[in-house]
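Asker: One letter stands for each residue in the lines below.
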Amino acid sequence: MEQRLGLEASIAIAEVVCRCDVDIVAAYPITPQTHVVEHLSELVADGELDAAFVPVESEHSAMSVCCGTAAVGARTFTSTAAQGLALMHEILFIASALRLPIVMAVANRSLSGPISIWNDHSDVMTERDVGWVQIFAENAQEAADLTIWSFRLAEDRRVSLPVMVNFDGFILTHTIEPMLMPDKEMVQAFLPPWEPLLKLDVDEPISMGPVGIPDIYTETKQVQQHLLTQAYGPIVETLNEFAQHFKRTYKPIETYRSDDAEVLLCTMGALSETAMEVVDRRRKQGQKVGLVRIRLWRPFPFEDLYRAVGNVPVLGVMDRAISFGGPVGPVASEIKAAFYHREQRPKIVEFIAGLGGRDVPLSDFGRMFDSLYTTGETGKIPAPTIIGLRE
Amino acid sequence: MKNQHINPVEPYLRMDRMPHIWCPGCGIGIVVNCFVRALNQSGIDPDLVSIISGIGCTGRIAGYLKLDSFHTTHGRPIPFATGLKVARPELKVLVFSGEGDLVSIGGNHLIHAARRNSDIKVFCVNNFTYAMTGGQVGPTAPIHSIATTTPYGSYDRPFNLPFLADSTGAVYVARWTTYHVRQLTRSMVEAINKPGFCFVEIIAPCPTIYQRRNRLGDGLEAMRYYKRYSRVINGANTRMVGLELKGPIIVGKFIDRDRSTLLEAMNEEFSSKLGARYQPYPTGVVR
Ligand code: SF4
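Line order of the protein sequences matches chains L and B.
Just so we're aligned: the first sequence equals residues 2 to 392 in my numbering.
Just so we're aligned: the second sequence equals residues 605 to 891 in my numbering.
These aren't lab readings, by the way, just hints derived from the structure by calculation.
Here a beta-carbon is modelled for each residue, glycine too, at the ideal position from N, C-alpha and C.
Among the hints, erroneous ones may be present.
Across the chosen pairs, the derived CB separations fall in these ranges [said to hold, decoys possible]: (1) L:P215 with B:R719: 54 to 64 Å; (2) L:E392 with B:E694: 53 to 63 Å; (3) L:Y341 with B:E694: 38 to 48 Å; (4) L:N241 with B:G687: 27 to 37 Å; (5) B:R843 with L:V73: 33 to 43 Å; (6) L:L201 with B:D862: 46 to 56 Å; (7) B:C627 with L:L181: 47 to 57 Å; (8) B:Y759 with L:V203: 36 to 46 Å; (9) B:D862 with L:D360: 54 to 64 Å.
Reference excerpt, derived from the structure (chain B facing chain L, CB under 7 Å, subset only) [stated by the list, open to error]: (10) N712; (11) H716; (12) Y734; (13) T737; (14) V741; (15) T753; (16) P755; (17) Y756; (18) G757.
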């Protein structure tokens with residue numbers, strides 16, 4: 002059974018975490034994540050969620066506690082943003098290397114300095130290589146659904162890896178949206194109790210996290226790379242099962258009106274919905290524009306991307322972060338690399354937009370599409386452009 | 605001050621940043637007022653003062669004072685300050701931050717700076733909650749106090765900050781409330797002029813979050829409470845000054861002792877081993 006409700010993505014996530022019957026929530030407050038854990042602490046205090054809530058003294062401690070609890074087989078959830086995620090950095094590698102299926106909701110926010118509490122993707126892009134499954138939601142429904150799914154995937158014994166659900170700070174965390182909230186029975190029918198692949202158990206002792214001497218370190222990294230790449234199969238499989246169970250379909254790469262498109266724009270996260278509106282308007286005016294929306298960021302779904310882009314000649318990529326001194330846009334650089342060896346490859350135009358909470362209105366997307374058409378006509382790829390930059 | 609109409613505090617404030625973000629009745633403004641007066645009284649050249657703060661409502665102080673200031677990341681003002689001090693020992697390096705910054709995420713830095721007697725002065729505004737993020741339970745929240753993450757009351761034992769600072773080695777430890785403006789100002793002067801790690805806890809009302817959630821009234825009510833329930837015990841055993849919800853508040857100057865600062869200790873150790881070969885590092889300390 003599902004109930005139609007108006008909820009903030011933050012509250013929606015907390016409510017589904019409760020229905021997922023987690024054992025432990027360990028978190029430290031940081032804007033704009035606070036509503037998630039505040040609501041969870043209420044659910045725990047009200048006895049609706051039989052879990053321990055650990056209000057730790059920093060995010061570094063939060064992720065460390067999560068590693069401890071997951072290591073003994075407790076279903077574990079945390080949430081953070083920006084500086085908090087950065088402070089967890091060290092432990093994120095530990096969680097993935099030890100194959101601890103922690104689920105974390107990241108309320109995407111920019112990194113300091115200057116101090117900024119507003120939305121962009123610089124926090125998660127900095128954590129690209131930590132070995133976690135990383136997925137993006139575009140609205141409250143998706144944030145909740147993908148959180149439920151994350152536990153299922155993380156605990157899949159073929160995977161046994163931590164999962165990060167990214168949902169945009171403020172745009173989603175603090176916005177009330179209509180959504181369908183499944184009840185506990187429905188969630189639990191999809192999410193069986195976790196049977197850990199490995200856990201600390203006095204009866205069958207194992208050691209977690211010992212030294213990896215040069216003789217073995219390389220192999221452990223190869224295994225990690227293999228596991229995360231191979232997680233693609235179970236990801237698609239469990240997303241399909243999710244679709245059967247909840248009647249809502251999610252794919253590693255989503256498209257929007259891309260089939261006959263002349264130019265495509267690649268987006269990620271909540272701004273994709275603004276972009277869809279612009280696509281509709283442009284289509285009404287006769288311009289065949291479309292979207293490619295990256296949902297699964299790690300493991301990167303190369304084949305899905307190739308299929309989605311097809312033989313469209315011009316592809317724009319909108320980044321929400323900067324790789325300083327490097328190839329500018331972290332997503333664009335990955336996509337360029339992905340196409341490098343392909344014979345059929347589009348001209349790729351890089352845009353940076355929406356840094357530190359800068360609004361990206363419809364007109365900005367319009368500008369991006371205009372630029373893609375210009376590239377198509379002239380054949381010239383412009384230098385990466387920061388959209389909406391005040392000069 | 606020739607112009608009679610200017611508030612004596614104004615020359616020290618970045619008036620272009622006004623109005624400030626603090627809520628009506630918040631205690632942080634009083635702390636700023638006391639500090640500016642203390643700075644005046646201490647006779648220190650403001651050009652030699654730098655203010656370091658962390659994240660939170662109190663952390664905003666760094667942005668409002670017209671002094672060299674460094675608004676650091678969450679929990680880190682103390683190590684930033686130590687860095688500043690060892691590189692420029694002639695400066696007065698003052699840390700302003702809240703308990704949610706200094707004793708939670710930054711707690712480790714606090715105890716080690718006290719242990720090493722880093723020559724910085726820490727003014728810690730304690731309002732018993734993470735006010736800026738909306739009032740989650742923090743490390744000094746009294747047992748049974750309500751926070752968004754402890755909707756039925758906190759159950760974690762809170763830190764007794766003067767005891768923490770004392771037991772880890774601070775040379776000067778005092779606690780006042782925002783009601784005790786004169787005493788607080790005097791303690792700030794003493795701390796500014798004293799070499800070594802000085803720690804002043806300032807109990808301040810957060811009417812918007814802490815007071816309201818715990819039905820403790822507004823800012824004025826907090827002042828009445830501080831007036832009524834504070835007891836001045838200078839030299840009190842810091843072990844005995846822990847706080848309880850709606851309990852008495854023991855205030856006063858608890859610790860005032862001398863020992864070598866971080867840089868002095870380094871010089872002493874190296875001089876004793878290397879003798880005249882060792883060129884002492886400037887410490888900024890006049891004893
Ligand atoms: S929230 Fe509390 S501490 Fe922050 S400015 Fe308002 S009253 Fe002061």
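Asker: State for each hint whether it applies.
Answerer: The hints, checked one at a time:
A hinted range of 54 to 64 Å for the beta carbons of L:P215 and B:R719 is inconsistent with their spacing of about 37 Å. For L:E392 and B:E694, the hinted distance range of 53 to 63 Å is not satisfied, since their beta carbons lie about 41 Å from each other. As the Cβ distance of L:Y341 to B:E694 is approximately 56 Å, the hint placing it in 38 to 48 Å is violated. Look at L:N241 against B:G687: about 54 Å separates their beta carbons, and that is not inside 27 to 37 Å.
The supplied range of 33 to 43 Å is met by B:R843 and L:V73, whose beta-carbon atoms lie about 36 Å from each other. The hint said 46 to 56 Å for the Cβ distance between L:L201 and B:D862, and at roughly 49 Å that hint holds. Against the hinted window of 47 to 57 Å, the Cβ-Cβ separation of B:C627 and L:L181 comes to about 38 Å, which falls outside the hint. Separation of B:Y759 from L:V203 is about 28 Å and departs from the stated range, judged on CB atoms against 36 to 46 Å.
Taking the beta carbon of each, B:D862 and L:D360 are about 56 Å apart, inside 54 to 64 Å as hinted. Interface restraint check: B:N712 against chain L, minimum CB-CB distance 9 Å, threshold 7 Å, status violated. Using the Cβ-Cβ criterion of 7 Å, the hint placing B:H716 at the interface with chain L is not satisfied: the shortest such distance is roughly 15 Å. Restraint check, B:Y734 versus chain L: the minimum CB separation of about 5 Å is within 7 Å; hint holds.
The beta carbon of B:T737 is positioned within 7 Å of a beta carbon in chain L (closest approach about 4 Å), and the interface hint is therefore held. The interface hint given for B:V741 holds, since its Cβ lies 5 Å from the closest Cβ of chain L, which is under the 7 Å cut-off. The interface hint given for B:T753 is met, as the beta carbon of that residue sits about 4 Å from the closest beta carbon of chain L, less than 7 Å. The restraint placing B:P755 at the interface with chain L holds, with a minimum CB-CB distance near 5 Å, inside the 7 Å limit.
Satisfaction of the interface hint for B:Y756 is found here, the shortest Cβ-Cβ separation to chain L being roughly 5 Å, below the 7 Å cut-off. At a threshold of 7 Å, the smallest CB-CB gap from B:G757 to chain L is about 9 Å, leaving the interface hint violated.
Hint check: violations occur at hints 1, 2, 3, 4, 7, 8, 10, 11 and 18; the rest are consistent with the structure.
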